[in-house]
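Using the sequences plus the hints, can you model the full thing?
As they're listed, the protein sequences go chains S and C.
If you're matching positions, the first sequence starts at 1 in this note's numbering and goes up one per residue.
If you're matching positions, the second sequence starts at 322 in this note's numbering and goes up one per residue.
A couple of the hints might just be wrong.
Just so you have them, the derived chain S footprint on chain C, three or more residues with Cβ under 8 Å [what the hints assert, rightly or not]: (1) 502-509; (2) 645-655; (3) 752-764; (4) 768-775.
Since the hints were derived computationally from the structure, they do not count as laboratory data.
Beta carbons: idealized from backbone N, C-alpha and C, even for Gly.
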Amino acid sequence: MTMMKFVRTAGLTLALLGTAVGVAHAQAFPDRSINSIVAFGAGGSTDVAARSLVRFAHEYLGQEIVVENRTGGAGAVGMLALANARPDGYTIGTVNFELLAFRPLDRAPSGPEDMRFIRKVQASPATLTVPADAPWNTLEEFLEEARQNPGKLRIAASPPGAVWNVAAGLITNATGTDINVVPFDGGAQSAVALLGGQVDATTISVQEVMDHVTAGKLKVLATATAERHPALPDVPTFTEAGYDIVFGSWAAMAAPKDIPEDRFQALSEGLKKMFDDERFQTFAEENGITLDYVPGDEFARQMEAEAANVAAVLAAQGLTN
Amino acid sequence: MSFEILASVATLSNLTAMLAGVMLGIVGGALPGLTATMVIALLVPFTFSMAPLAALLMLCGIHAGANYGGAITAILLRTPGTPAAAATVLDGYPMAQKGQGRRAVELALYASGIGGLASVLVMIFLSPVVSNVALMFGPSEYFAIGVFGLTAIVGVAGRSLLKALVAAAIGLTLTLVGLDPVTGYPRFTFGSMDLLGGVPFLAALIGLFALPEAFRRSARMIGQLREEAPHFDNSHTSLREIGELTPEAVKSGLIGSAVGVLPGAGGDVAAFIAYNEARRSAKDKSQFGKGDPRGLVAAESANNGITGGAMVPLLTLGVPGDAVTAVLIGAFTIHGIRPGPLLFETHLETLIYPLFLGLIAINILMLVCGFLFSGPVAQIVRLPRSFIIGGVIVLSVIGAYSMQFSMFDVFLMLGFGALGYFFEENDYPLSPIVLAIILGPMVETNLRRGLAMHQGDALAFLSSPISLTIFALAAVTVWFSVRSRKATFATTSNA
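Take a look at the structure:
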C-alpha cells in the first residue's frame with residue numbers, strides 16, 4: 001500500500017531527524033528544562049524575585065527554568081533538597097540567609113559549604129524603623145530611651161534564628177541595650193504590629209517598610225548598610241552612628257557542590273545575562289528589590305566569614321547547644 | 322464609578338479570564354491536594370502574558386471557585402478538597418447520605434455566592450475603615466479569637482463531651498510538632514526533617530475524614546454485607562428553601578469577611594466560627610451534624626466570605642489576609658502592581674474599581690457555572706461502590722503526596738486514616754481534632770507572643786476591650802452550648 005509506505009517512510013525520517021537533533025543536543029547543556037528550588041512559599045518575596053529573574057531564561061539558555069517551591073522547616077527542607085540534588089546542573093535553586101543558621105541551630109545538615117554559589121542576586125538590608133509619630137527622631141534618641149528603661153521597648157522581628165531576629169540581636173549587642181525582641185511571623189506581620197502600635201520598632205528590611213514610609217506612617221532611624229541606602233539618602237547608617245552593623249537578608253543562586261565545571265560556567269553566564277536584562281532590572285527597581293551582583297566564588301568567600309559571625313550571634317542569644 | 326470603568330472590565334478577554342478562573346478553581350478545589358493556594362501558584366506563570374487586570378481577575382476567580390469546589394467532594398465523598406471545606410463535611414456529607422447530594426451541592430453553591438457577594442460589598446464600602454480595625458488586633462486579640470473558635474468544640478461534640486475534649490487534646494498535641502514559634506527550636510520532630518514544618522494539615526484532614534469512610538465501606542463489601550441501596554433523590558433545592566436560608570448565608574458571609582480581614586486567620590477558621598454561630602442561634606439544634614442545611618450554608622458562605630475580606634489588608638496594607646492572598650501578593654507584584662498603602666492613591670481608577678466590579682461578576686459567574694456543574698457532578702454517588710472506594714483512596718493518596726511531593730505525608734495520611742477509623746468505631750468525634758489542629762498554632766503562638774511582649778504578665782490579655790469582649794462571647798457560647806446539650810440529650814434519652 002502506498003499509504004502504508006508513506007507512513008513508514010515518514011516515520012523513519014522523523015525518527016532519524018529525532019536522533020540527529022538528540023545528538024546535536026547531547027553536546028549542548030542544557031537540553032531540557034532546569035528546575036529551580038525555592039525554599040519558601042509561592043508569592044513570597046523570595047519566590048517573586050526568583051521567578052522574575054528566570055522569566056526570560058529561554059532567551060539566554062534555550063530552555064526554561066521552572067521554579068519549584070519546596071517549603072517547610074523555615075527553609076530547611078528546600079535548601080537541604082538542593083544540597084542533596086543530583087549535581088548535573090538540572091537542579092539549581094535560590095538560597096537565603098537562613099542557610100547560615102541551619103548547622104548552628106542543629107536544624108538541618110546543610111550549609112554554605114554544601115553549595116556552589118552561582119551568584120548573589122539580592123540584598124535586603126536591615127533597618128531600625130519606628131512609627132512616624134514616635135518621639136525619637138534619631139537612632140541615639142531611641143537608644144537613650146532604651147538605656148533609661150531597660151526591657152521596656154519592644155522590637156518586632158522574626159522568630160529566633162531567622163534573619164530579622166539576628167538583626168535585633170546584633171543591634172542590642174552592639175549598642176549594649178536591653179530591648180524586648182518579640183517574634184512575629186516575618187516581615188509583613190512585623191510591619192502590621194508596628195503600624196498597630198503593638199511594638200515600638202522593627203528591624204525588617206528597607207523593601208518591607210518603604211511603602212509605609214512613603215505613605216507617612218513609619219520612619220527609618222538607621223539602615224544596616226555600608227553606605228547610605230539609595231532609597232533613603234537622608235537616613236544615616238549604623239556605621240555612621242558608631243555601631244559596626246552591616247547586615248541583612250540576601251538571596252543567591254546556587255547549585256549542588258559537585259556540579260561539573262562546564263555546566264557551572266554555562267549557568268553562570270546565562271544567569272548573568274538574565275540579571276543584566278533590562279526587563280529584570282526595571283522590574284526590580286519598580287518593586288523595591290535591592291539587587292546586589294556578586295560573582296559566586298567571591299560570594300562564597302564572603303559567606304565563610306559571615307557564617308562565623310552568624311554562629312556567634314546565635315550562640316550569644318543562647319540558641320545553640 | 323463612571324461608565325468607562327464598567328467598560329474597562331466588561332471586555333471579552335476579562336470575562337474569559339474570569340470564567341476560566343472560576344472553572345479551574347471549582348475543579349481544582351474539588352480535587353483533594355489542590356487547594357486554592359496551589360492552583361493559583363501553579364497558574365501564576367501562565368498569566369505572565371496577560372494584561373494585569375485580566376490576570377488578577379482570573380486569579381481572584383480561582384480563589385472564589387476553589388472555595389466552593391472544595392465543598393463538592395466534601396459533601397459527596399466526605400473528602401474535603403480544601404482545608405476551608407473541613408466544616409462543610411459536618412452537615413454536607415450526612416445530607417448526601419440521605420440522598421440529598423444534589424440539593425446539598427446546590428445549597429453550597431448558593432451559600433458560596435451569597436458569602437462572596439457579601440464580602441465584596443464589605444470590601445467596597447468598608448475597606449479603609451476595616452483595615453484600621455485589623456491594625457488594632459495584636460497578640461491578645463488573636464489569642465482571644467482562637468479561644469473563641471475552640472469553643473465550637475462543644476457544638477460539634479456529639480454525644481459525649483468528654484470524648485470530644487479527648488479528641489481536641491490529641492489535636493492540640495499534634496500542633497506542638499515542628500519549629501517552636503517563639504524560640505525557633507524543633508519540637509517533637511524526632512530528628513526528622515519531614516516533621517520540621519509540623520504535621521501537614523491537609524494530609525491529616527484527608528486521612529481523618531475520607532479514609533475511615535472508605536475503610537468502613539470496604540469492610541462491608543468484603544464481609545458480603547448488603548449495603549442498603551443508596552437512596553438517591555435527584556431533586557433541586559427550592560426557591561422557598563433558598564429564601565429561608567438567606568439570612569443565615571448573609572450572616573455567615575459577614576462573619577467570613579470579618580475573619581478574612583484579620584491577617585493570620587483564613588477560611589478554615591471562618592467556617593467553624595460561622596458554623597458554631599449558626600448552631601448557637603438555631604432554635605432546634607437536634608439536626609446539626611446529621612444533615613442540617615443551616616450548618617452547611619453557614620460553613621460554605623463563611624469560607625467564601627474570606628475572598629473579599631482577605632483582599633482588604635492586601636490592598637490597603639500590602640499584608641496578606643490568608644494563605645491565598647499571600648500568593649496573590651506575588652502575582653500582583655509580577656504584574657507590576659505593588660499592593661500596599663499607596664495602591665488606593667496610584668491605582669484607584671485603573672485597578673481598584675475594576676477589581677471591585679470584577680469580583681461581583683466573578684461571584685455571579687460562579688453561581689451560573691456551579692449550577693450547570695452541580696447536576697452531573699452529584700451523580701458521582703451513584704457509581705458502583707467499588708469505584709467510589711477506590712477513587713477516594715487514590716484521590717487521598719495523590720492529595721497527600723502533592724502538597725509537598727512527600728511520601729512521608731502519604732504514610733502520615735494513612736496513619737490518620739487508621740486513627741480516624743478507630744475513633745469513629747469508638748464513638749469519638751473527629752471534628753474537635755480538626756478544629757484543634759486549625760486553631761492550635763494561632764492560640765499558642767499568640768499566647769506566647771503576648772506573654773513575651775508583656776514580660777509574662779498574663780493579665781495583660783484582659784487589658785484590651787476587644788479581647789475582653791471576645792473572651793466574654795466565648796464564655797457565653799460555652800454556657801449556652803452546654804445548657805442546650807443537656808436539653809437535647811435529655812429529650813433523646815427519654816424518647
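Do the hints match the structure? See the list:
For the region 502-509 of chain C, the proposed coverage by chain S is satisfied: 6 residues have a C-beta within less than 8 Å of a C-beta in that chain, meeting the threshold of three. Counting residues of the region 645-655 of chain C whose beta carbon lies closer than 8 Å to any beta carbon of chain S gives 8, which reaches the threshold of three, so the coverage claim holds. Here's how the region 752-764 of chain C fares: 0 of its residues keep a CB closer than 8 Å to some CB of chain S, so the rule of at least three is not met and the hint is violated. With 3 residues carrying a beta carbon less than 8 Å from a beta carbon of chain S, the region 768-775 of chain C meets the three-residue requirement, and the given coverage holds.
Of the numbered hints given earlier, the model fails hint 3 alone.
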